[in-house]
Amino acid sequence: MQLIYEKSVTGRRGVKLPKSDVRAAAPLPDSLLRKETACLPEVSEMDLVRHFTNLSRRNFSVDTNFYPLGSCTMKYNAKVLEDVAVLFAPFHPMTALLPGGDEFCQGTLGMLFDLGQLLADITGMDEVTTQPLAGAHGEMTGIMLIAAYHKAKGDKKRYVVVPDSSHGTNPASAAMAGYEIITVPTASYGDMDMELFKQAMNQDVAAVMMTCPNTLGLFNPHVREICDIAHSHGALVYYDGANLNAIMGKVKPGELGFDVVHVNLHKTFGTPHGGGGPGAGPVGVKKELIPFLPQPRIVMDEEGLFRLEKYSGHSIGRTANFFGNFGVMVKAYAYIIMLGREGLIQVSEQAVLNANYIKERLKTYYELPYDMTCMHECVFSASKQLEHGVHAIDIAKFLIDRGYHPPTVYFPLIVKDAIMIEPTETESKATLDAFIEVMIEVARIAENNPQAMFDAPLTTPVSRLDETKAAREQNVCCQW
Amino acid sequence: MPDTHYCPNIPEEIREMLSVIGVDNVEDLFAHIPAELRAKTFNLPPGMSEFETKDRMRFIAGENRQEMLHFIGGGFYDHIIPSVVDHLSGRAEFYTAYTPYQPECSQGTLQALFEYQTAICRLTGLDVSNASLYDGATACAEAAMMALRVTGRNRIILDGCVSPFSRQVLKTYLFNLEVDVIEVAPLDGQLNQQELAGLLNDSVAAVLVQNPNFFGSVGDFTALADQVHAVEALLIASVYPISLGMLKSPGEMGVDIAVGDGQSLGNPLSFGGPSFGFIAAKKAFIRNMPGRIIGETIDRNGKRGFVLTLQAREQHIKRHKATSNICSNQGLCALRGLIFLTSVGRQGLADLAQLNRDKAEYAKSQIRLLPGVTVLATPTFNEFTVFLPRPARGVVSELLEQGIAAGVPLGEYYEASDNVLVVTVTEKRSRKEIDTFVKALEVALCS
Amino acid sequence: MSEIYFSKDHEWIKVDGAVGRVGITEHAAHALGDVTFVELPKTGKQYRQFDVLAAIESVKAASDIYAPVSGKIVSVNSAVEDSPELVNESPEDKAWMAEIAIDDAGELKKLMTGEQYSDYLKTL
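Protein chains in written order, with this note's numbering: chain L, 3 to 482; chain W, 80 to 526; chain G, 2 to 125.
No wet-lab data here; the hints were simulated from the structure. Any given hint could turn out to be false.
Here's a subset of chain L near chain G, in silico, CB distances under 7 Å, partners left out [unchecked claim]: (1) Ala189; (2) Glu469; (3) Thr470; (4) Arg474.
Glycine residues also receive a C-beta, built at the ideal position from the N, C-alpha and C atoms.
Go ahead and model the full structure; you've got the sequences and the hints to work with.
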C-alpha cells in the first residue's frame, strides 16, 4: 500500500480553511522564515479518507479479534466511554490556572478529585495524583516521590531492588530517577527468592518495586513479609499496578504494606489502548508521601469547592504540563462509576476464571512452568514445540492466520520461549473454547508439520518482516 | 443473574468452566491468597446503567463554564480540527489496537506512525523522529537526557523564555540525577545572548530554547547553534508546530534536537490532555532517541512493510540502561496529528499559519491603542506580550467573569511581571470576537 | 604461538606476546541473533579486567562486552562497526573487536582454556 506522500499531487488540498476577515499582516523578516513549505501530503479529503480507512483495516484490534496479549489487559472498550469524553473537549486547561479560574472548572476539577478518591479506595492508598501520562510515567513519578522522601530525611540511597521477572519499565524508570538496580532471581516456586531478597536488602536500598500478581500471573503469599523486610531496612515499597485486573475487591495493595502504587487506566479501567497510547498512570501514596506529590494538587476547601493548591516547597514539581491525560481519565471515571462495586468485583473474578480455564485446558499441550492457580493471566513455555524446531514466534505467526492477535511472547524473560495469555473478563466461554481448540491444533501441527508454522502468516499483507534490515538501515522517514 | 454486557459468561457457563478447573466456585480461585491479606472492605458506590452514566457525565461537564472565548495559550491552543480527524481516528481498528508488537497484523498502525515520523521530520527539517512522547514538556526533559547521554556531560542551560511548565518538568525529571541545571533570565522577552555566551563551555551538554518563546517572541537561533556547537554541546529547541507553517525550521537553524507539543495538531483542548510530544533529531543521534521508532523494511517476499525498530534502545530489552522507560506513548494522538497535517496539507499549513499571524497582528494593533497599554516590540507569530497599566491578574479575573480568557498573566511565572499578560489569537477568533475582547479590555482598564 | 582463553561472559582473547586480540564467541553471537550494531572502545583508553569494554546490539537483545584482562587498547577493528553482520559470519576470527596491551599476564589465570569453556557451555 502506498504512503500518503506517494499519493500526493501538487496543489491538492484536504480541507477548506476560512478566509481571513482582517487585513494581511506585514511579513516577518526573511531571517525568521522558512525557505520552503514543509513537504506535507497534498491529497483530497476522499484520498485521505480512503487511505486511513484502508490502513485501519490492516490492523487487528480488540473490536475485530480476540487479543489475549498478556500483561496488557486488552479488555473490551465500552463505547459509552468514547461518547462521554467528547463532552469535555472544549475545556482549556489554562482556565483552571487563571486567577479565579478554578471556579469555572468545578466539573473537571471535581471529577479529577473524585477519580483520585475512587482509585485511592480501590487500591487502599491515602491520596492519588492523576498527573502521570502513562504507566511507566507513573512508575518514574512514584520512584521520584520515594527519592524525595529519602532526601527530605537526609538519607542518601543508591539502589532499587526488582525481581528478574519484572517488566522492563520498572528498572528503566528507577534508572531514570537516578538509582542503580539490584535484581533478585525468581525461585522455582514462581516468586522472588526470599533468601536472596533478604541478602540483597541493605541500608542503601531506596525502594523495592514489584507487582502482585507477578508477571507469571502468580500471587505471592509472602508479599506482606517482603514489604515488612523492606521497611525494616528503611526502604519503601512500590506496587506496579499493571496486574490490578486480578484483584479488585479482593486485595488492596495499600493494605499489604505498599507505600506507592500506580494504576494503568488503559488496562484495568477499560480505556482504549489507542495503538500505543494515550494511556494514563495515576499514582497513589500513603500519607507520608503526600507532601511530595506533583503540582498542581487538587483539594476540596471547607465550602466543598475544588481548588488548586499553591505550589508546596516539598513537591517534586511537575511531571506533565497540566493535570494529566484528562480525556483518558474521563473514560476511566465513567467506567468506575458505571461498573460500581459489584461490577469491579465481577471483573476480577471473571478475569481470573477465564485465565484459569485456559490454563487447565492447555496444560497438557504446552509446558506450564508453574502449575498452580494463576490469576488473570497464565504463562506457558513453547519448550515442547521447540523439540520440533517450532518457536514461540512461529506459534504467534500461525495464530495470526487464524484471526487471533497472538499472546505476548518472550516475556517474562525468565521463562524460555514464554507465551503469556491474558484473556480478560470481557471474553465469553465460546471465544475461549475456539481459541483453545486452535491452540491444541497448533500443538499438533508443530509436532507433525512444523513447516506450516514457519510459512505463517500467509493471510496478511506482509509476512515475516526483516527486522535486521530495518535496524541496520534505519529508514525512519520517507525519503521523497 | 449477573450483568453480562461486559462479562458475558452466564452462570451455566461459569459452572462448566469451574468444573474443568476442578473447583466449586469462583471464590476458590482466590483461596490461595492468605486470609489476612484479603481486602478488609471494598466500599465503592453501586454501579449504574450506561444511560445514567452519560447523564452523570453530562452533569459534571455542565459544572464547567461552557462558553469561553479563548485568547489564551500557555502551551495548549484552540485550533480548528477538521472532521476527518475524529472520524478516522475513531475507527476501532485504530483505537482498540495496541503497540504493534506483531507487525503482520499491525501494518495500519505501523505505516501511519511511519508517515507521522516523516511529517515531523519534514516540519522540523531534521533527519529522524520517533513515534511520539507523552507531551511537549516531557519531550523537553527527554531531549535533555538524550543530550546528557550523547555528550557524556552533566550540565543543561535553560533559556528562561522557555515555558515555565516545560522548565519545571525538566527540573523534576533531573532532580535526583547528578546534573546541573542553570537558568538564564529573559531579557526584554528574549534570550539574554550575552549571559548565555558567558556560560558556554565544555561542561555543557545542551542549551534549551523555545520558538516562539513563552512571550510569543520569534527568533533565529542559527548563530546560537554555531556558538553551542563550538563547545561541542547540543542545541535543543521546543517549537510550536502550527508556527512551522511559516517560521524558520529548527533544521534550518542547525538545531540538534527539536521537540514540542502536538496538541495544536488535531487534538482537542480536553482540559489538558491527552496530546503528544514530538522529538526529531540529526541522524547521528538516532541510537540515543527515546521511545518507539518505526522503520521501513521488506518482508520475506520483498514487499515493503514497517516494524518497530532499534528496539535494543528500549526498556523491554535494555531495562535499566534503556534510553527511556517509555512503553505506551501517545499513538492515537500522533495519528490524529498526522491526519490533521494530511488534511490541512502542505500549502494549507502555510495558510493556517498566515491566518494565525494576521489575526494576532490585528488584535495587537487594536490593543496597542488602549490607554496606558504597550505591546512588546518583538517579532511574533500568534502570541504577544502586553504591558497593562494595572495588575494583569485583576483584569484577567474580570474578563473571566464575562466568559473571556484574556491571556496568561505572567506575575506567577516571572519576576516583576505583575502587569504583564501574554495574549494568544488563533485562526478560530473572528474579527468580531477580537473586537469584543478588545472592548472588554478597554472597559476593564478604565474602571 | 598464540594461546586462546575464554571468559564466562563468552568473550575470547587470543594472546600473542604482550597483546591480546578480543572478540565474542560463536555461542554468544548465536544467542544474540542478527547483530545490528557494535560500539567499540576508543584506542588508548585503559580498562580493568571485567570492566565494560564494548557494547553489542541485535534486533532483540543488547549486551555488554567485558575486558578479559586489564590493559590499554592499541587498536580496534572498524570493519565490525561498518558491517556488524561480520559478527554473525565470523565471530572468532574476522569480527575481532579490539587489541589490548596486557598489563598482567597473571590475570589470564582467571579465564578458561578452550576445553574448560566447552565444558562450561554444556552446563548452561
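Now for the hints, and whether the structure bears them out:
1. At its closest, the beta carbon of L:Ala189 sits 20 Å from a beta carbon of chain G; the interface hint therefore is violated under the 7 Å criterion.
2. Checking L:Glu469 against chain G: minimum C-beta separation of about 4 Å stays under 7 Å; hint holds.
3. At about 4 Å, the closest approach between the beta carbon of L:Thr470 and any beta carbon in chain G falls short of 7 Å, and the interface hint on this residue holds.
4. The interface hint given for L:Arg474 is met, as the beta carbon of that residue sits about 5 Å from the closest beta carbon of chain G, less than 7 Å.
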